[in-house]
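Asker: So the chains spell out like this:
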Amino acid sequence: MPDLIAKPALGTMPLNLGQIVLTEAPMLETHSIQPYPGQEKAVSKALKEIGLAFPKPNTWLEKAGLRIVWTGREQAFLLGGVPPAGMPAAVTDQSDGWVTLTLEGPGARDVLARLVPLDLRHVKKGDAARSGLGHMPLILITEAPDSFRLMTFRSMARTAWHEIHDAMTKVEARRAAS
Amino acid sequence: MRYSGLRVITEGLFGNRGWRPAWRDPAPKAEYDAIIIGGGGHGLSTAYYLARNHGLTNVAVLEKGYLGSGNIGRNTTIVRANYFLPGNSEFYSHSLKLWEKLELELNYNVMHSQRGLINLFHSDGQRDAFARRGNAMINQGDDAILLDRDGVRDLLPYLDFDNTRFPIYGGLLHPRGGTARHDAVAWGYARAADKRGVDLIQNCEVTGIDVQNGRVTGVQTTRGAIRAKKVGIVVAGRSSQVAAMAGLRLPIESHILQAFVTEGLKPVIDHVISFGMGHFYISQSDKGGLVFGGDLDFYASYAARGNLPMVEHVMEAGMTLMPMIGRARVLRSWGGIMDMSPDGSPIIDKTPVDGLYIDCGWNYGGFKAVPASGWCMAHLMATGESHEVARRFRLNRFATGHLLDEEGTGSQHNLH
Amino acid sequence: MRLTCPHCGPRDRREFYYYGASEYLNRPGPEAAPDAWDSYLHLRDNPAGVTQDLWYHEQGCTAWLKVTRNTVTHEILAVEAVAGGTK
Amino acid sequence: MRIDGKGRIDRTRPVTFTFDGKAYPAYRGDTLASALIANDVRLVGRSFKYHRPRGILTAGSEEPNALVEIVGPANVTPNTRATVQEVFEGLVARSQNRWPSLGLDLMAVNDLAAPFFSAGFYYKTFMWPRRFWEGLYEPMIRRAAGLGRLSGRHDEGVYEKAWAHCDLLVIGSGPAGLMAALAAGRAGADVILADEGAEPGGRLLSDGDAPAWLGEVLAELESLPNVRVMTRTTVTGAYDDGTFGALERVGLHRRPRPNLPRECFWRIVARRSILAAGALERPIAFQNNDRPGIMMAGALSAYLNRYGVVPGKAITLFANNDGARQTARGLMAAGLTVSAIIDSREDAPDEPGTTVHKGAVVIDAKGRHGLTEITVRKGAGEFRIATDCLGLSGGWNPSVHLTCHLNGRPRWSDDLAAFVPSEGAVPGMVAAGAANGSFSTHGCLAAGLAAAAQSLAALGMTVPEVALPAAEDAPYRLSPLWAVPGRKRAWLDFANDVTVKDVALSAQEGYRSVEHMKRYTTQGMAPDQGKNSNVAALAVLADATGRGIAETGTTTFRPPYTPVSIAAMGAGGRAEGFAPQRFLTSDQASRDRGAPMIEAGLWYRPGYFPKPGETTWRQACDREVVMVRSSVGVTDVSTLGKIDIQGKDAGRFLDLVYTNTFSTLPVGRARYGLMLREDGHVLDDGTTARLAEDHWLMTTTTAAAGLVMRHLDFVQQAFCAGWDVRFISVTEAWAQFAVAGPVARDLIASALGHTPGLPFMGCMDVTIQGVAGRLFRISFSGEEGYEIAVPTRFGEALFRDLTARAETMGGGLYGMEALNVLRIEKGFITHAEIHGRTTAFDIGMDKMISPKKDCIGKAAAARPGMTGPEREQLVGLKPLTDSALTAGAHLFAQGADLTRENSSGYVTSVGYSPTLGSFLALGFLRNGRARQGETIRLVDRLRGVDVLCLVTDPVFHDPTGEKLRA
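Top line first, the protein sequences correspond to chains A, B, C and D.
Residue numbering for the first sequence follows the numbering used here, beginning at 1 and increasing consecutively.
Residue numbering for the second sequence follows the numbering used here, beginning at 1001 and increasing consecutively.
Residue numbering for the third sequence follows the numbering used here, beginning at 2001 and increasing consecutively.
Residue numbering for the fourth sequence follows the numbering used here, beginning at 3001 and increasing consecutively.
To be clear, the hints were calculated from the coordinates, so they are not data collected in a lab.
Note that the structure is predicted; figures quoted are calculated from it, not measured.
Ideal placement from N, C-alpha and C gives every residue a C-beta, glycine not left out.
Certain hints may be false.
[To be verified] Straight line, CA to CA, 27 Å or less: simulated DSS-like cross-link-like pairs of lysine-lysine: (1) D:K3648 with A:K45; (2) D:K3488 with D:K3049; (3) A:K41 with C:K2066; (4) B:K1029 with B:K1101; (5) A:K7 with A:K56; (6) C:K2066 with A:K7; (7) A:K41 with D:K3648; (8) B:K1266 with D:K3049; (9) A:K124 with A:K41; (10) A:K56 with D:K3858; (11) D:K3648 with D:K3378; (12) D:K3049 with C:K2066; (13) B:K1266 with D:K3022; (14) A:K48 with D:K3648; (15) A:K7 with A:K124.
[What the hints assert, rightly or not] Per the computed footprint, the stretches of chain B lying under chain C, defined by three or more beta-carbons under 8 Å from a beta-carbon of chain C, are: (16) 1293-1307; (17) 1397-1411.
Given only the sequences and the hints, what does the whole structure look like? Please build it.
Answerer: As structure tokens, this is what we get:
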């Protein structure tokens, strides 16, 4: 056990507004996987060991509590565990680099529509996207059409929380006024 | 016909029937001593100073649309001499001195208003950079005052000093900086050039440049061939196309810069103000509209119109800097085509073709340069030598590494 | 304005950073003459019409893209990854 | 006057509002304009230039006259169209651009001086004496100009921006838009139907009693989950690739509620679009046609049918087309008197119930504060008609505006005497209905359906069955009439006071192109953007120049279609929302110690850590510098960019992006690297460590972290895509702290539990209190220095731990100020020095450009202008006397005049060095390296500093680096 105390990015309680809930997700072991040129298949093969494959762009896969998310050009994040050793890929520990927020409930997409320039009309479980949350970087993981995980830089956690909260407030005020 | 307050009154009393055209509408002659391609601010002032300073009056200005149809009528009208690199300093200083006498020189009220320009800074590092600039301005013989936060607050109490992302540390005040009525500058030069005998030929597009044995001999136009031994290209965002007619490839990329004006409001902003943490600059026109702009749209374009990301960025900058303008409504937005050079500074130089001269690379600072640009381009075309305040504006300086990069962003055209 | 990123699909212009003409891909060799470097770094065709230029999907997959488009109409004709792409 | 039984207002919900301090009754559903009409208020505004009394001209957003200020509890909104602003309980409105009052406006003296205020008069006078412009003329002009007033207070209102995506955007919900939306909705397309009005229906609500089928269509649209009806939403701009801007008035029509946005600026992304924005009726110019009480005929219908009000008892109409007859019939059916119709057409039809003066024109109007009488000319005869309301119809202009936003030019139709949209002007957009010149209700319905069919086909969808409701299909018959000749002023642009004479004068003076005319007269540049007047002004110009209208051309319509508040488009930018904030893990700990936090890019970093008794930042800074030099200091350096680089070609890659060689660096060592831009100037510097054979960690400056990442991505993808190299930012993953000072090693040993035994520029994995971390022996202070990194979650704990240990050793925290002084003492550069114009030569590092290999920027750095004695080179500067120095000062040779020509350099960084007991500076001096030992004059004329300095090597402290390597 380390003597140093670990701290989450925010350490805040979930926020409920109307039917929408914003939560800081617990930190999850996260590793980036970047196959070397031409090695994507070999990496996929290696990932089979844990029941996964290198994900296609804009998707994520899940197996036994492990999740692999496409996070950019020739890059994926493995969430919840350690990648198999010896893959022909660069692997880094990204666990501490990101804050993950969950946004759930009817109207979650209305909240995102205030911050994210993506077309979310037809999103479904298994979708992933790189984009922006306002002016912040974003990895958007869709768990259901009204349930999302949002990852952004850990140092920007407060701004991210504030901006999502602000958007939720406005969505809720509109609902109340209608 | 001379303009004056008395003339306005006498004409008014007689139904304003006596006003005559501000310029003639001549047909192109077969030959001129010099041709200026481009009837914008720079082209018109070049023609005017060719006539005024060098006695060259057998000159034609060829304009494919109407006079002043380019960036001279699509800018945010800022006039300043606040550069810090030798080469730029003396040039813009010279230009500002010409501005200060322009109304009487042209007998046309261009409404040059020296209301003071304030560049805000938001960190110690920015203050140091602005101090360097301010000292350069004073060394050049121009004016600059370094304001601290309270000094800015005294002048601009409506800025948000308390609740803003990038607090205001101070500002560099350039008291002689200000604005002018953009169209009037084009019209004033046009009228004054016409009066000295220059032919201003509108709706005349140059379609070719005739070169024989490395010498220019004239141009082809939509209104026929016109001969001339000296031809000046002064076409801003279209420089690459026109120069290509003479086989030249320029260090220029054309980009869009948007600008905005609000509905008329009673006087509320008395200075020209520029934000230091995001491109945003603003002044209020005499008609009452807030005139403001930001950075380029950043992609090469000839469309003279922009897109929303930069619009929103500019508005967001306005809201963080001076949230009192929130309820002003944007009436119109527009875009100009900027001739961006690799170091952000202009080119006034000969070309490899004898008798062919070029004046371009104004990036988005061309408006304030109009008088000196014309002055120096005329000097170059008349004497074959660079004017002393424009001697660093060489076409080959990128090849040699003698750069004039005020922004320090390097050889990427859109970053200046 | 929207660009269709070969990895991410159609995206708003604000996700992209613009560099300049695709000429930047043709880096002269270390032994190239100064003229070649001048041309590479500074001189541009700057066409009023179809051009190819470089965009970076900065707020996206971080791919550098070569975009074929029209500078007069803003029509986007093609977008391809500079490094080739995994699809 | 309110008409019983008419209108769609809610008579069960009376409300009270005030205008210019007087309270009036109204109903929910009224606009301010309809409510004023209901209360017989005729005078509502003053014109821009002549301060002419003005009434309400239109019933829409194109209103040029009835602009008012809305006074809210916290702020005032100027230039609000009374025709758009909905009335709610407690609404406070007041007139603008008048002094002292609306009824008695002393500025109206301008109206008397009108002959001298002809178009462009100001270009011809106010030139002499020169200095009177800023002092007298301009302030006078500015005070007279402008319309409403900004309060000068921060706009604290709530605004938002949002995105919406759809297959089909239908702009306008009149008959064409409704049919289009219905068809596309039934086909299963995602449809957004946007309309400016408070309720959908467009002209169907205004032309007469709304047809029964309207309710059914709206109900069906409401029931379709794929159709989104956005009311109070004006599509304001068309942008590239199916992107539209739209402004929704979310809260402006009701009493303010907490958190409810006032407005929302939408970015709508649509695969296809249908422009069904209708048409705008145009006035006819004649003498004094701007009197209050003169209104568009269609507006009269709208006020009657939609709001149940009429602005007069004895109504007359002046038209050149059949359209105004519908207004007449509607009025008469409601029991009102239509005294006469003046129809300019000789062959105009009769109208039962009223007199039609055929081939007649109105030539003058009387009644300064409200119309009382018009003068009509028919043939050679003239006669007067008493009237308090004149409806005008000069025909209709299709709302082509959005089709022009991508530089499309509308096409002139001689048949319609109007501009119509050019096909394909906006890719994917189809114009339909009145917006496309089809003016009958039936024509609109059919066109809407056809447009939907066209759009659905393009979307690959099948057109469903839609039956067209029965509707009128009257032909559009018109004989163009723009301006009635007359001696006195006849208004074209009401808002900007541009008259027929002004346009004629413009042509007379050679401003004959349409753009010249617009700019010279200001025609079309007022808040209505020429919606009411541009076409007539063109016609007058065409007439004056002897050209046709088609040849004259039109000015371009640019976004926005209707003005949009800066606050809406800038929503989110207010206050701290302008950019994300990045916080260190040590942020709270630093604040707890009273450290002022300074913006460093997006980050916040502590400036200094004040101790009791210290009253200035300098005291704290000096103490912290001495502390680092004498014992040990701790500071958070996590903001530096950290890039993890892996692969067997990583060394080769580093050799390409750095000037110096990295591939030879042993594992467990770090090296300082210099990175150039391809143009040969310095991009960034930092240390890169080799963690393992194929594993590297690059450090960038805080400022350039993003820039360097983008640069590396480019180099890799463009030039070495096939190399085995991969990299990713790990900046956020690690918290990193610098520990520096003579006893730094002891502190590290105490924290680790053992002495690391790391050589200078070494790096190693460590376990610190049970946490796996990394230790680097690097220094930015010149003292023996370490940087220790742990996963970010442990950052705060380690920071507190290191701080506590340092304090027991006589050390403690130091901030940015001390860090800056420490690095100046050592001559280390930051972006104050590598400001984008400096070369490796300038900073004395040209030897770091390896001759053995290529690197980015090498070729361009070899250009003749990039090196040599003419360049300003990095030097140290030390005052000869005990004097303060300032950054930004310039350097002059002693005895030289203080001119631009003589300025031979400048100061980039200064600090007071408690170590050396003197201010020190870094700067650039022409040929500076050869001038060490010279005395130079440092002059800051902005701040009155003038000090003689010794030119020195930039490294002031420990020049041999003994302390570093100790």
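Asker: Each hint needs a verdict: does it hold in this structure or not?
Answerer: Cross-check of the supplied hints:
1. Taking the CA atoms of D:K3648 and A:K45, the gap is near 21 Å; set against the 27 Å cutoff, the hint holds.
2. Between D:K3488 and D:K3049 the alpha-carbon distance is near 16 Å, which keeps this suggested pair within the 27 Å criterion.
3. For the hint pairing A:K41 with C:K2066, the CA-to-CA distance comes to about 26 Å; that is within 27 Å, so the pair holds.
4. For the hint pairing B:K1029 with B:K1101, the CA-to-CA distance comes to about 33 Å; that exceeds 27 Å, so the pair is violated.
5. The straight-line distance between the Cα atoms of A:K7 and A:K56 is roughly 33 Å, outside the 27 Å bound, and the hint therefore fails.
6. At roughly 43 Å between alpha-carbon atoms, C:K2066 and A:K7 are farther apart than 27 Å, so this suggested pair is violated.
7. About 19 Å separates the Cα atoms of A:K41 and D:K3648, which keeps this hinted pair within 27 Å; it holds.
8. Between the alpha carbons of B:K1266 and D:K3049 the distance comes to roughly 13 Å, so the proposed pair stays at or under 27 Å and holds.
9. Among the hinted pairs, A:K124 with A:K41 is consistent with the structure: their alpha-carbon atoms are about 26 Å apart, no more than 27 Å.
10. In summary, the hint linking A:K56 to D:K3858 is not supported, as the alpha carbons are separated by about 39 Å, beyond the 27 Å threshold.
11. Taken as a hint, the D:K3648 and D:K3378 pair is broken in the structure, with Cα atoms around 95 Å apart against an allowance of 27 Å.
12. For a cut-off of 27 Å, the pair hint linking D:K3049 to C:K2066 is broken: about 52 Å separates their Cα positions.
13. Proximity of B:K1266 to D:K3022 is assessed by CA-CA distance (about 24 Å); at most 27 Å being required, the pair is judged to hold.
14. In summary, the hint linking A:K48 to D:K3648 is supported, as the alpha carbons are separated by about 25 Å, within the 27 Å threshold.
15. For the hint linking A:K7 to A:K124, the alpha-carbon distance of about 32 Å lies beyond 27 Å, and the restraint is violated.
16. For a cut-off of 8 Å, the count of residues in the segment 1293-1307 of chain B with a CB near a CB of chain C stands at 7, and the three-residue condition holds.
17. Counting residues of the segment 1397-1411 of chain B whose CB lies closer than 8 Å to any CB of chain C gives 3, so the stated coverage by that chain holds, three being the minimum.
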